[in-house]
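Colleague: From just these sequences and the hints, can you work out the full model?
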Amino acid sequence: MTNASHVLTDRLLLRATVTPGRRPDLRVVVLHQREPGHELEQQGFTDASSAAAFVQTWLEGLEQRWEQGERSHGRREE
Numbered sequence: 169m170t171n172a173s174h175v176l177t178d179r180l181l182l183r184a185t186v187t188p189g190r191r192p193d194l195r196v197v198v199l200h201q202r203e204p205g206h207e208l209e210q211q212g213f214t215d216a217s218s219a220a221a222f223v224q225t226w227l228e229g230l231e232q233r234w235e236q237g238e239r240s241h242g243r244r245e246e
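To convert, count from 1 in the sequence shown and add 168; that's the working numbering.
A hint or two may mislead.
Label-pair distances were calculated between CB atoms; the ranges are [what the hints assert, rightly or not]: (1) E231 to V186: 26 to 32 Å; (2) G237 to P188: 46 to 52 Å; (3) A221 to V186: 15 to 21 Å; (4) R195 to H241: 31 to 37 Å; (5) L194 to G237: 36 to 42 Å; (6) Q210 to G237: 27 to 33 Å; (7) Q224 to V186: 17 to 23 Å; (8) T187 to Q210: 15 to 21 Å; (9) R233 to P188: 35 to 41 Å; (10) G189 to H241: 45 to 51 Å; (11) R233 to L194: 27 to 33 Å; (12) T187 to W234: 35 to 41 Å.
Think of the hints as simulated: they come from the structure by calculation, not from any bench. A virtual CB, placed ideally from N, CA and C, is assigned to each residue, including glycine.
Modeller: Here is the structure:
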């Protein structure tokens, strides 16, 4: 079992829909939550590159928070 003070958990759910004949035909919705218990936020995109850039930025932010000592449940390592 992993000690909660040694993890940083955020959540990301991506839903992509292609609808032929509709412009734009691609719709991407990203639901993201900074740690369980925080407010669920939503971002919408109509192209793959913008959605991918958002996910990359989000993951890089998660890594930076980890490197700065942030841990889930408000705990920080010394």
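Colleague: Against the earlier hints, flag every one the structure doesn't satisfy and list their numbers going up.
Modeller: Of the numbered hints given earlier, the structure breaks none, since each of them holds.
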